[in-house]
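2 protein chains.
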Amino acid sequence: MAKNVYLFGDGTADGDAKLRELLGGKGANLAEMCKIGLPVPAGFTITTDVCTYFNEHNGEYPPELKAEVDAAMAFIEEKMGCKFGDKDNPLLLSCRSGARESMPGMMDTVLNIGLNDTTVEALAKSSGNERFAWDSYRRFVQMYGDVVLGLKPTSKEEEDPFEEILDHTKKEKGVKFDNDLTTDDLKKLVSDFKNAIKTKTGNDFPDDPNEQVWGAIRAVFSSWNNDRAFVYRRQYGIPHSWGTAVNVMAMVFGNLGDDCATGVALTRDGSLGTPGVNGDYLINAQGEDVVAGIRAPKRIEVELEKDMPAAHKELVETCQNLEKHYRDVQDIEFTIQREKLWLLQTRNAKRTGFAAVRIACDLVQEGIITKEEAITVKRIPPDDLNQLLQPLFDPESKKKAVSDGRLLTTAINAGPGAASGKICFHAVDAEAIVQKTPGTKLILVRRETSPEDIRGMAAAQGILTALGGTSSHAALVSRQMGKVCVCGASNLEIDYKAGTLTVGDTVLKQGDDISIDGFTGEVFAGEVETRPSEVLQVLVEKNLAPEKSEVYQRFAQVMEWADEFRKLGVRTNADQPGQASQAVAFGAEGIGLCRTEHMFFDHIDEIREMILSNAKMAREAALAKLLPFQRGDFEGLFKAMNGKPVTVRLLDPPLHEFLPHDEEGQKEIAKKMDVELDVIVKRVNELHEFNPMLGHRGCRLGIVYPEITAMQARAIFEAACAVKAAGIEVHPEIMVPLVGFETELANQTKLIRDVAQAVFEEKGMSVEYMVGTMIEIPRAALVADEIAKHAEFFSFGTNDLTQTTLGMSRDDYGPFINYYREHDIVPNDPFQTIDQNGVGKLVKMGVELGRKERSGLKIGICGEHGGDPASVKFCHGAGLNYVSCSPFRVPVARLAAAQAVLEEKK
Amino acid sequence: MAKNVYLFGDGTADGDAKLRELLGGKGANLAEMCKIGLPVPAGFTITTDVCTYFNEHNGEYPPELKAEVDAAMAFIEEKMGCKFGDKDNPLLLSCRSGARESMPGMMDTVLNIGLNDTTVEALAKSSGNERFAWDSYRRFVQMYGDVVLGLKPTSKEEEDPFEEILDHTKKEKGVKFDNDLTTDDLKKLVSDFKNAIKTKTGNDFPDDPNEQVWGAIRAVFSSWNNDRAFVYRRQYGIPHSWGTAVNVMAMVFGNLGDDCATGVALTRDGSLGTPGVNGDYLINAQGEDVVAGIRAPKRIEVELEKDMPAAHKELVETCQNLEKHYRDVQDIEFTIQREKLWLLQTRNAKRTGFAAVRIACDLVQEGIITKEEAITVKRIPPDDLNQLLQPLFDPESKKKAVSDGRLLTTAINAGPGAASGKICFHAVDAEAIVQKTPGTKLILVRRETSPEDIRGMAAAQGILTALGGTSSHAALVSRQMGKVCVCGASNLEIDYKAGTLTVGDTVLKQGDDISIDGFTGEVFAGEVETRPSEVLQVLVEKNLAPEKSEVYQRFAQVMEWADEFRKLGVRTNADQPGQASQAVAFGAEGIGLCRTEHMFFDHIDEIREMILSNAKMAREAALAKLLPFQRGDFEGLFKAMNGKPVTVRLLDPPLHEFLPHDEEGQKEIAKKMDVELDVIVKRVNELHEFNPMLGHRGCRLGIVYPEITAMQARAIFEAACAVKAAGIEVHPEIMVPLVGFETELANQTKLIRDVAQAVFEEKGMSVEYMVGTMIEIPRAALVADEIAKHAEFFSFGTNDLTQTTLGMSRDDYGPFINYYREHDIVPNDPFQTIDQNGVGKLVKMGVELGRKERSGLKIGICGEHGGDPASVKFCHGAGLNYVSCSPFRVPVARLAAAQAVLEEKK
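Read top to bottom, the protein sequences are chains A and B.
Quick note, in full-length UniProt numbering, the first sequence goes up one by one and the last residue is 906.
Quick note, in full-length UniProt numbering, the second sequence goes up one by one and the last residue is 906.
Extracted from the complex, chain A is given alone in its bound form (with noise of 0.2 Å):
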């Protein structure tokens, strides 16, 4: 038979901290605690098991339960020297969830359990303190009231009663705090309380402290599958058959007067990271005041050594011994009861970006942990690298704008950063403001961006949109050129005629300040400050020197240890050479992805003219002026990554995204080319798609229209001549696009080689090139054997390949992917994280069948997952040589792939 119920206190405990999984995070470590001897008040926790049962057998307990919860209450009273429901020296019991992760605040609490009429005179006497007492049953019936008996409303507009009748009270008795109100205004409350109860449920409020504790328990239990619970589980990944255990043990009190406190304390800073004791408490107060913000807490490491000397220095030693404990920050729940430190919980701190990073790098430097431990998830988790990175709004002025009312709406944080400008509605406008005045800094404000928007996107600091996801145009753009994005702010209303912004009351105009946090998608009307990142300017400005830069230089030991593990090669995805600078500054080892259309969006007038051309001759006459512009592009890449290889596919997207699609762009492209309208609307017309991403895009325009690829070639050929010429080394790796077919690869790849022969006999010297494909249909993966045959690398574009096997495009999965993540129909975003169980399975598949026709075959993937953390390990699992990804992931993703290698190891 299985042991359900754990003790602990007074040095000894069942459990300790290796049994997270039964008792969870908090039970675990309460039994820690005490087996080192520290002050933990005596109690029991019930294990997760139990949580499973209940959830199994429609909330029944096994059977033997009782009998072991009997004995630990037992246990309690012995140790604690009172008993539980006594009229002389009664014990009071907290009731507390402790799921293997913590969920701050997602589950219930019942605090002061035990008390009833006769206990709480009890009380009053033995601690002397009859004020105290009878608040602490006006918490308790409170407490109990909402969680136990359901009184807690649940939606917002809904008033919880007790709310009601203490502001009606303390309205009456002019007073503003809860601790103002006098003894008998408390008596009176207890009475008014247990009357709504009994007015709202029917029944009495339970006196028997038996039934109370019962009662408790089967709300904590209950607690695990509430909304608040199931929304957070899912957002962070966490199984919902894991449960929680459930703590009961001894209260003790940090409201008995003056020499009494509570409160949560720190081993290091959780949001800087820096050394030393630090967090809020409250003399004379119970633990949910300092979390429910009703009187401003004091500081520990200011005031508490002045108010508690002898406390405070057990307190600070205690907070030393647990992290050296733990080998890591702690976050510690405490109380002091007449000058005796109690601990009533500790956990591994929750951090910020930059806290993160420094902890790690101070507690190697203390000897505390080894490096591989410093750079494991659990301390640095990938994401939040991306903050040293990012500007970041200045944290008063942000205060302040949310103070002064501007805070508008908090859409998707699709692009981290802080950026503030003035509001520009469209791309070209923002590109000519910047061209005449550098520096304006704009926030370019569009319901949705396309292809075109691109050199606008560029000239702005921060990207707003009303549609569209986390894998939007605009959040994947932004990612790629590093800029703060926030989109799918759906509440914006966009006038673009009257050029202007409704959000509710608010409305701006062109030209109006405006402020987009990408960290958290909120978005402020007016400016709010902005600080910039170190690191970027120690690496990409280069205005600051890396040794005035503690973050930059704590960033580069993370970096320098995950490259030392990492087996997986990080590259970029990139196209202009500023970028790949970027990229290369942040440890990118290649460009994994160039993709060639953003070159044609800056010279559409020969693109339009090109297909617009119905003839093969007027094409290469139109593609022939192209050529020049593309092979500048390319030598300027080419001389950017200076040896790195360079990966570039040809031309993607289908012809009709280079045409306008309105009446007015049309005529001016008619008026342009000295042709009539009717021509240019029938081509539109004709180039129709229903499905554009299935349609004559990829390698079928190249096979179809042969001399689209043949100049392509030839501008990377000569391009590549002319800077190895020049003395740079250069490594041109061509990749086609949307292969399907073996015999697609092979006319290409003929195509391509014959090119590069005729290139090389013109200039009198070679270049060593690879071609190779995208595998982004699932056929591709299927048949990748066959396909191998004519490509020397692969590159996985699972953006594609996510949209084929899912049948799931991702300009359209909004209406119902929200949906499927809030019923669990898919456990994450597929574009986000890729699906490892589908499109992982093709990967592999495609992976193994391409290595068995050609064993070197390097493989790569150059989707928006090279960049994702989970994804990242994968990529590793599979065997691909390198993750290609935004340069602002770069970091991200080096650290992911070392995490990787330290994964499989243990």
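The set of hints was computed from the structure by calculation and includes no laboratory data.
There could be a bad hint or two in this list.
[Claimed, not checked] Result set (DSS-like, lysine-lysine): computed pairs, CA atoms no more than 30 Å apart in a straight line:
1) A/852 <-> B/844
2) B/371 <-> B/906
3) A/844 <-> B/852
4) B/841 <-> A/789
5) B/616 <-> B/399
6) A/844 <-> B/789
7) A/682 <-> B/324
8) A/667 <-> B/497
9) A/852 <-> B/171
10) B/125 <-> B/79
11) B/844 <-> A/844
12) B/371 <-> B/399
13) A/852 <-> B/852
14) B/852 <-> A/841
15) A/378 <-> A/789
16) B/844 <-> A/789
17) A/509 <-> B/682
18) B/844 <-> B/905
19) B/789 <-> A/841
20) B/616 <-> A/152
21) B/682 <-> A/667
22) B/171 <-> B/188
23) A/187 <-> A/173
24) B/497 <-> A/682
25) B/858 <-> A/841
26) B/400 <-> B/324
27) A/497 <-> B/682
28) B/671 <-> A/497
29) B/841 <-> A/844
30) B/171 <-> B/324
31) B/324 <-> B/79
32) B/858 <-> A/844
33) A/667 <-> B/906
34) B/188 <-> A/497
35) B/152 <-> A/616
Please read all numbers here as calculations on a predicted model, not as lab measurements.
Knowing the structure of chain A, use the given hints to seat chain B on it.
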């Protein structure tokens, strides 16, 4: 060392009919005929291996070939008793191609080789016919110039230089036919032809007979790679790697005088299969005259006996022997030289579907073949069965339409059959006209069709579209409905406003007669008379007694044989009772796909109300109105199927398909629903999708709007109960579309089973049913084991599976698929014949994983591939339980399924 040259002649031969791969069909049969003692002029065959060598070595021959050919020439000279190039008794030769499969007219032939200014005189003397000798010489120089020296024009615009001279000479001489020219005229022509060759090529015509024969051999090998041959092979799936053999044999002459003739005999009629030797012949002519149609040939069965009684007798006996020997109808080339019969070729005769069925049945009855042999694909290609089901144009009436110049264009033959009727441009008009005047024959003429046109399509005799290919909506629905359809007629200009259809100078108006031939893709102005199919009259219209129709009886015989052998079940795709009954008459064993959206279009107002409702309750109210209609539809279907299983697919298309996209339509709805136009416009815009194929459709609808699934499930179960209560067996199988995740199916399955339970309780009875899913996106196949946990059956939706696996939209692949076909990027249209390497691999994976999880899992296919013979065979091999196809494809699928079993045995 391999043997390159195989001799035959005078009762002996190196090869025989079994060496078809090496000697080609013609060479193998010439050898076989020699071996069985039939009169074949001596000759030799150069093997297909030499062709392969020739192609792989830039037109060089194996070194040993020369000596082998020299020896073979000596063999012919000896057998024929004359000498090549001899100035007294010269041997003349023919040189013909001959591949493994017959490719009539695609490659080259040279006759009368060995003539020059010397041998022509000898031939004149030895034949005693100077005119014959010079006629042969004239023919030879022309043919050699065209074929070997490359003077044959490559485009239709150019004129053949020899024809030009010939025409000029005939005009000059005032004669109509070649054989009205005198010997002197012919001599002049030979000289003029030679001059033309000198002028065009700069070289003299080669007088050396040896140079002539090697030139001819090279020309025939080279002709394997000419354009026509390429196109032909692509169309008939003949591998380019096979190569052709070359047959060189002694000339015999049908043009020595009136005791000579040449012709083509069939052992039975190729059009209807009627027994008896028949065919064409010409007195005093060479073989190509029959084919070229220069003179009107005589019929063997009518006049040959009278013209040449002995030769006729020999020919008929020889034909009968050959048919018995080859156990199939033969197509025989023969020449009668001075009353002696010579055989130049025999091969299995091409035949129509009608003839194929009759011949197969007759040969079984005559004891020549077994029933297993009768239904092989060589004897009855499954597609040919269609001809027995469709109305046909009356041949005379069609011939007249052509000669009247009423053939407007030839486009894609998308729905077999022939239809004639009045032009109607709008589906609603078509429906209204036929409702008002039942029996009116209409042809619906549209740029393209959409789901809203379905009732109009049903009302029309046939559908003609300007856009779209064999997989367009028009084509798919036509095949399902058994409607005649011609689509992709791109030179039709349709002006809906003016109500006109323009092709070149012809302008037709609404109400004008038009006729379309779905077998050939021809479109005629005016009426062309049709004949109904007897099979349909017996099975469906039931106005013809079976015993009155031999065509029906043979059809039924073939179907009976097929059913005896096949293992695959055959179901139909149908969603209306009439359609369902028709399919059952054709042998369908159930419905494999009932699309419920067609029913929705019949109640479009209620659907639109549902879509436009933002609240669940309003949607439920709208759905409640739809419930009785759906229930009624299902009742009808269940009754029609009378106990056979019916697979009902829940709503699949994205909701925007039900809303009008033009302002006119939106205004109309706004008025009907009494809401502002803005509301409609906004909702239409909200629902717009960039890639609807990959959007909010399939089970994604039923999950986000569970009330839709609930209504459909209720309609199905209420209908099932009602039908069962009426004493009719019923087996509903509910199919959830577009499932990719196990969780999706789990969600829908639970919902459906809950509704079933509720309905069964309400009705106090229950019905056996199954819940399963479509496998139509790659992920579903990849995780089929997970999905099978919740599915009682799978049905592969290979249309969508092909679209997603290949990343290829069938609405958008037009601009590249033809190029792909023409350039051998793909072997065939993947929407017509399943892509075995890609999509097929997923199907096999899905079957294997699905059955691993659930061993008895029933698996079918319900894409258009279910009616394609090659795909049906694949399905058999993959272990599927059934295929489902449109009603008119049911017999095709039954036969193909039987052939799959028989081919497996071999």
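Comparing the hints with the structure gives:
1. Straight-line distance between C-alpha atoms of residue 852 of chain A and residue 844 of chain B comes to about 21 Å, which keeps the hinted pair within the 30 Å bound.
2. Between residue 371 of chain B and residue 906 of chain B the alpha-carbon distance is near 15 Å, which keeps this suggested pair within the 30 Å criterion.
3. For a cut-off of 30 Å, the pair hint linking residue 844 of chain A to residue 852 of chain B stands: about 21 Å separates their Cα positions.
4. Restraint check: the Cα-Cα separation between residue 841 of chain B and residue 789 of chain A comes to about 19 Å, which is no more than 30 Å; the hinted pair holds.
5. Distance check on the hinted pair: residue 616 of chain B and residue 399 of chain B sit about 62 Å apart at the alpha-carbon level, beyond 30 Å; violated.
6. This hinted pair checks out: residue 844 of chain A and residue 789 of chain B have alpha carbons roughly 24 Å apart, not beyond 30 Å.
7. Using a Cα cut-off of 30 Å, the hinted pair residue 682 of chain A and residue 324 of chain B is violated, with the two alpha carbons roughly 61 Å apart.
8. Among the hinted pairs, residue 667 of chain A with residue 497 of chain B is consistent with the structure: their alpha-carbon atoms are about 25 Å apart, no more than 30 Å.
9. A hinted pair counts as satisfied when its Cα atoms are at most 30 Å apart, and residue 852 of chain A with residue 171 of chain B does not qualify at roughly 71 Å.
10. Only pairs whose Cα atoms come within 30 Å are accepted, and residue 125 of chain B paired with residue 79 of chain B is accepted, the gap being roughly 21 Å.
11. With a C-alpha separation of about 18 Å, the suggested pairing of residue 844 of chain B with residue 844 of chain A holds against the 30 Å cut-off.
12. With a CA separation close to 37 Å, the supplied pair residue 371 of chain B and residue 399 of chain B exceeds the 30 Å bound.
13. For the given pair, residue 852 of chain A sits about 26 Å from residue 852 of chain B by alpha-carbon distance, which is consistent with the 30 Å threshold.
14. With a C-alpha separation of about 17 Å, the suggested pair residue 852 of chain B and residue 841 of chain A falls inside the 30 Å cut-off, and the hint holds.
15. Among the hinted pairs, residue 378 of chain A with residue 789 of chain A is inconsistent with the structure: their alpha-carbon atoms are about 43 Å apart, more than 30 Å.
16. Annotation: proposed proximity of residue 844 of chain B to residue 789 of chain A holds, straight-line Cα distance about 24 Å (limit 30 Å).
17. At most 30 Å may separate the alpha-carbon atoms for a hinted pair to count; residue 509 of chain A and residue 682 of chain B meet this at roughly 24 Å.
18. Proposed proximity of residue 844 of chain B and residue 905 of chain B is supported: the alpha carbons are some 21 Å apart, at most 30 Å.
19. Straight-line distance between C-alpha atoms of residue 789 of chain B and residue 841 of chain A comes to about 19 Å, which keeps the hinted pair within the 30 Å bound.
20. Pair hint residue 616 of chain B plus residue 152 of chain A holds up; C-alpha atoms about 27 Å apart against a cutoff of 30 Å.
21. With a C-alpha separation of about 27 Å, the suggested pairing of residue 682 of chain B with residue 667 of chain A holds against the 30 Å cut-off.
22. A C-alpha spacing of about 14 Å is found between residue 171 of chain B and residue 188 of chain B, which places the hinted pair at or below 30 Å, so the restraint holds.
23. Between the alpha carbons of residue 187 of chain A and residue 173 of chain A the distance comes to roughly 14 Å, so the proposed pair stays at or under 30 Å and holds.
24. Between residue 497 of chain B and residue 682 of chain A the CA atoms are separated by roughly 18 Å; this keeps the pair inside 30 Å, and the hint holds.
25. Taken as a hint, the residue 858 of chain B and residue 841 of chain A pair is honoured in the structure, with Cα atoms around 25 Å apart against an allowance of 30 Å.
26. For a cut-off of 30 Å, the pair hint linking residue 400 of chain B to residue 324 of chain B is broken: about 39 Å separates their Cα positions.
27. Between residue 497 of chain A and residue 682 of chain B, the direct Cα distance comes to roughly 18 Å. Compliance with the 30 Å bound is thereby established for this hinted pair.
28. Of the pairs offered as hints, the one joining residue 671 of chain B and residue 497 of chain A holds, with about 28 Å between alpha carbons and a cut-off of 30 Å not exceeded.
29. Restraint check for residue 841 of chain B and residue 844 of chain A: satisfied, since their Cα atoms lie roughly 15 Å apart, inside the 30 Å limit.
30. With a CA separation close to 49 Å, the supplied pair residue 171 of chain B and residue 324 of chain B exceeds the 30 Å bound.
31. Restraint check for residue 324 of chain B and residue 79 of chain B: the C-alpha separation of about 28 Å stays at or below 30 Å, so the hint holds.
32. For the suggested pair residue 858 of chain B and residue 844 of chain A, the alpha carbons sit about 29 Å apart, so the restraint of at most 30 Å is met.
33. Between residue 667 of chain A and residue 906 of chain B the alpha-carbon distance is near 66 Å, which puts this suggested pair outside the 30 Å criterion.
34. Of the pairs offered as hints, the one joining residue 188 of chain B and residue 497 of chain A is violated, with about 84 Å between alpha carbons and a cut-off of 30 Å exceeded.
35. Only pairs whose Cα atoms come within 30 Å are accepted, and residue 152 of chain B paired with residue 616 of chain A is accepted, the gap being roughly 27 Å.
Checked against the numbered hints listed earlier, the structure breaks hints 5, 7, 9, 12, 15, 26, 30, 33 and 34; every other hint is satisfied.
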